[in-house]
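Chains as they are written, first to last, in the numbering used here: chain A, 11 to 445; chain B, 11 to 445.
Which copy? The list can't say, so a pair holds if one copy fits it or any two copies do.
Taking lysine-lysine pairs in the BS3-like style, the calculated list, with each CA pair at most 27 angstroms apart, reads:
1) K103 <-> K395
2) K368 <-> K273
3) K145 <-> K389
4) K251 <-> K230
5) K348 <-> K41
6) K104 <-> K394
7) K107 <-> K428
8) K395 <-> K432
9) K41 <-> K352
10) K368 <-> K274
11) K167 <-> K348
12) K107 <-> K395
13) K352 <-> K107
14) K104 <-> K353
15) K41 <-> K444
16) K418 <-> K379
17) K442 <-> K41
18) K107 <-> K353
Note that these hints are calculated values from the structure, not bench results.
2 protein chains.
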Amino acid sequence: MVNDDLSVVKGMKDWFGEEALLRERIVSTLKGIFLRYGFAPLETPSIENMSVLTKKGGGEIQEEIYRAQDQAGRDLGLRFDHTVPLARFVALKKGLKLPYKRYAIGEVFRDGPSQPEQGRYRSFMQCDVDTIGVKDVSAEAELLFLANDAFSAIGLKGIEIRLNNRKILNGLLRGFGVKPELFNNVLVALDKLDKIGERQVIEELQGIEGLGNDEIFQIKNIIELKGSNKDILDALRGLAKNDEAKEGTEELQRILDYTSSLKKGIVKIAPYLARGLDYYTGPIMEVFAVSGNVKSSVLGGGRYDNMIGEFMGSKNKVYAVGFSFGLERIITILQDEKRIEKKLSPAQIFIVPLNTLKESFGITQKLRKAGINVDMDLKGRNIKKSLSYAEALGIPYVGIIGENEIKKGVISVKDLAKRSQKEMSIEELKKKLKE
Amino acid sequence: MVNDDLSVVKGMKDWFGEEALLRERIVSTLKGIFLRYGFAPLETPSIENMSVLTKKGGGEIQEEIYRAQDQAGRDLGLRFDHTVPLARFVALKKGLKLPYKRYAIGEVFRDGPSQPEQGRYRSFMQCDVDTIGVKDVSAEAELLFLANDAFSAIGLKGIEIRLNNRKILNGLLRGFGVKPELFNNVLVALDKLDKIGERQVIEELQGIEGLGNDEIFQIKNIIELKGSNKDILDALRGLAKNDEAKEGTEELQRILDYTSSLKKGIVKIAPYLARGLDYYTGPIMEVFAVSGNVKSSVLGGGRYDNMIGEFMGSKNKVYAVGFSFGLERIITILQDEKRIEKKLSPAQIFIVPLNTLKESFGITQKLRKAGINVDMDLKGRNIKKSLSYAEALGIPYVGIIGENEIKKGVISVKDLAKRSQKEMSIEELKKKLKE
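Extracted from the complex, chain A is given alone in its bound form (with noise of 0.2 angstroms):
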């Protein structure tokens, strides 16, 4: 009956059942906790021009555009992120009032390998904040703050900020020697220590055409680095002969004084954290969901001064801090660690009216006006059917209607976990669907 060409696009995925009823409960609780630190929505369209999503920032994303088109022949593709987009917005909004402090949520696409295993689809959700015109590092501090409590809502208890500042890792690279062309493969080797370990990252320096031995001999002061924040951080000074890698230093050392309030040993400096985007330019901090042995990365961020900036074709600088959540991410974790409910409808009681639809409409409404989710049988079907369909669905109790229940201005309550049937009046049954 199905054939193939009624598929959905290739490497991308329905959300259904309690998987996006997940998803819906998190994106909500984002939500919440990014107007509760007073960001904005800004909502732009998915589609872009190409000549906005080619402009500037993606790097090698910009190889993975989907490409569209209008009648007009027009030249238009998917956004790959909210970072353009939101470039763009500030490079045209008039009189825009800074600090500008938005967030966005919304799908984003990218035509590169998909990992479904991974949480990873050509399609995916992401939850973005940021910060533009703020000079001082308190923008990446409250950045952190909100972090913390946004997965302590979301209910993964276990994670760990790492942070490191671009300006350390360039201003260190450049004093131990290094050619700047070289920077980046460096980095990107760097960024793997915590995954391959450090005889791997130093193979893989070797393996950088044109960095010298003497080079890594240095490099390999930033990977042995080990300890309490303290120590990391005195040594990083320590190390640091230039402006560019002091003012690094200095930087992570007021980050972490502004949230000192946080719990002890939540936030850790990571010297070798690089990140993968080319136009961060000052701190980056990168958030692991921690579970067992396993640590996966659930939000990455940084500051970014120079993008927009050069998106406009200004030569100032327009400060501006980020962070991106993986919304396909969480969900995938809190799979793994089955938290996921087994409920495919939101609702807390399914009513079953026995020829009594006309006033069970009237008493789900009631209900429904105290806050409650209902769902109802409207297909006239027996006891038996209708408890079978809300355990399918999930739904933790049946309420049946018959006119006896009626007569009496009561509801028969059964609790299908505990195979238990009571009547109660509408008050009652309120009082504990509000429990």
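Go by the hints and put chain B onto chain A.
Below, chain B alone, put in the same frame as chain A:
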């Protein structure tokens, strides 16, 4: 500084500031109501295979599809509604429990005429609820309750729900001897009755080739129907000579019975209502927001029992009823009614640290933990600049925290509307902002 090729896609729009905050509020409200009625989220990608988009449904809208392509050259397009992706999903999903009640909130794309002043853009947010698998019009009744709750929650008070049935229209036209191939043209003319009046509708009917005077004379019977729902239904029963029309009137009667607990007069039988899409097979509804003399359509929907089955290539009907809320229209009406607050920020208070950044972060976090939306100066600006910033963003309170305030354990709170200032403890401030 800004050049043309940084523009937003032609016919589209960025949603910013108070408009974006309002959209966010309405979407959250609708979502809450959808969940309250037991509708579960379904998220499908914005992009579909063209084979899916062109298979069924949409009619003329198919000419407005934005085409897209991936690197492998697949023929893709942007969705123009949520109904086609729903049909695809139902066709693909094995073991889907019926009834399946889902909502979808997301961007859809139509490369048609854009009319910004009427809130009409080429990319817009559609908020849909659909019930799949219910033959009885209890599904329609449930959606009428939902629509009524939704508009009341949004704050659009003066609404009018118009209700009709394609079975009545088709049955009557058949009974009048109108040729089936003319039905569509006749319905398009009838549908305009409320806008252009009787005389002009009749002129339009006279312009339909193949439609005789005798038939027009009979169609007048529909046009001239007036009075209460009961009067109109009685008259329709009198006109109904075949089973189709009779069944249609009985379905409307049943919907009125089921929804009798709704406010009197809110549901109006509108025998001329036809609605554009040709896939409707039964009851159809349109909701109008009434503001003075202006009536604007804010929701439309109806029953489409054939579309999904045809989509699946099955001979079986798949019963379906759906409603679609037009977010942009709702926004336009609230704007016309000047119901939008001048607010660029969700924050309730703007904290100004005077050389107390670290301590202020701690205090700000306490307020946020209490559920208050708080923004904070991160630029080290003086009081005057901070006040003017908070005022520009529409944040009602400013809380100043200097060294003196820290010592006394208070915050100096300025009420920007009242131009007053008062020292408050954190607890007092929490209480005030929670009011």
